[in-house]
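K.L.:
Positions 293 to 455 (our numbering) are the ones given, in order, by the sequence shown.
Quick caveat, the hints were computed from the structure, so don't treat them as lab data. C-beta atoms are modelled at their ideal positions from N, C-alpha and C, and glycine is treated no differently. A hint or two may mislead.
[As the list claims (entries may be wrong)] Derived DEER-like restraints, expressed as beta-carbon distance ranges:
1. P377 <-> R317: 18 to 24 Å
2. P332 <-> C393: 17 to 23 Å
3. P386 <-> H441: 17 to 23 Å
4. E434 <-> G410: 31 to 37 Å
5. H441 <-> V323: 34 to 40 Å
6. E437 <-> L409: 31 to 37 Å
7. V323 <-> T402: 18 to 24 Å
8. F403 <-> E437: 28 to 34 Å
9. G389 <-> E335: 15 to 21 Å
10. A314 <-> E437: 35 to 41 Å
11. D448 <-> D411: 31 to 37 Å
12. A353 <-> A381: 20 to 26 Å
13. T347 <-> A381: 17 to 23 Å
14. A357 <-> P433: 21 to 27 Å
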Amino acid sequence: MLQSAEYARYVFDSALNATPEAVGRAVAARVERQSLLYEPGRESVFVLTEGVLRTWPGGPALMLAQLDRLLAVESLSTVRLGVIPWRRAVPVMPRHGFTLCDRDAVVVETFRGERVLGDAADVTGYEETFDRFERAAIFGPEVRELLLHVMAEFRDLSDSVTR
Numbered sequence: 293m294l295q296s297a298e299y300a301r302y303v304f305d306s307a308l309n310a311t312p313e314a315v316g317r318a319v320a321a322r323v324e325r326q327s328l329l330y331e332p333g334r335e336s337v338f339v340l341t342e343g344v345l346r347t348w349p350g351g352p353a354l355m356l357a358q359l360d361r362l363l364a365v366e367s368l369s370t371v372r373l374g375v376i377p378w379r380r381a382v383p384v385m386p387r388h389g390f391t392l393c394d395r396d397a398v399v400v401e402t403f404r405g406e407r408v409l410g411d412a413a414d415v416t417g418y419e420e421t422f423d424r425f426e427r428a429a430i431f432g433p434e435v436r437e438l439l440l441h442v443m444a445e446f447r448d449l450s451d452s453v454t455r
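Please put together the full structure from these sequences, using the hints given.
P.N.:
Printed below as a string of structure tokens:
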């Protein structure tokens, strides 16, 4: 939901047995799904680790575009973007990404695809885990400051790579 099209393309293209056609369809679907972020009355809350911001596929230019995308999304009134900074311990070791879907299901992301879990106990477990991540995260001006700081570091990397 937060990935720029180019970042998503890199993610899907790096998958085992990726074909150009499948990558194109996956990127288009991911970008289309992002329209939910703009729906009035819907709130989306995202929590990332600072490690995610600093783990860079491709090159510095790709990450600068992705971080710019995060800044843009963070400014939406329908979105709360949080980051667990390096200076805080993570409350639970993040083993994989997941998305809670209106408290009815959870989509678990793995290297081999996505699994949808609808069992109430599974959903409750992921809700509790997300709550712990959310409490550890920074939001608002603090997260914008962190994003801008990481962007400056990628600009420095970009300058050193092109010299």
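K.L.:
Could you run down the list of hints and mark each one as holding or not?
P.N.:
Against the structure, the hints:
1. Range check, P377 to R317: Cβ separation about 35 Å, and the 18 to 24 Å hint is violated.
2. For the hinted restraint 17 to 23 Å between P332 and C393, the CB-CB distance of approximately 19 Å keeps it satisfied.
3. Our hint of 17 to 23 Å for P386 and H441 holds, since their Cβ atoms are close to 21 Å apart.
4. Checking the proposed 31 to 37 Å range against E434 and G410 shows it holds: the Cβ atoms sit about 35 Å from each other.
5. Between H441 and V323 the CB atoms are about 27 Å apart, so this pair departs from the stated range of 34 to 40 Å.
6. Between E437 and L409 the beta carbon distance is about 35 Å. The supplied range of 31 to 37 Å therefore holds.
7. Taking the beta carbon of each, V323 and T402 are about 21 Å apart, inside 18 to 24 Å as hinted.
8. Checked against the hint of 28 to 34 Å, the C-beta distance between F403 and E437 comes to roughly 33 Å, which is consistent with it.
9. For the hinted restraint 15 to 21 Å between G389 and E335, the CB-CB distance of approximately 19 Å keeps it satisfied.
10. A beta carbon spacing of about 38 Å between A314 and E437 agrees with the range 35 to 41 Å that was offered as a hint.
11. A hinted range of 31 to 37 Å is violated for the C-beta pair D448 and D411, which are about 47 Å apart.
12. The beta-carbon spacing between A353 and A381, approximately 32 Å, falls outside the hinted interval of 20 to 26 Å.
13. Under the hint 17 to 23 Å, the C-beta atoms of T347 and A381, about 18 Å apart, fit the expected range.
14. Taken as a hint, the range 21 to 27 Å holds for the pair A357 and P433, whose Cβ atoms sit roughly 23 Å apart.
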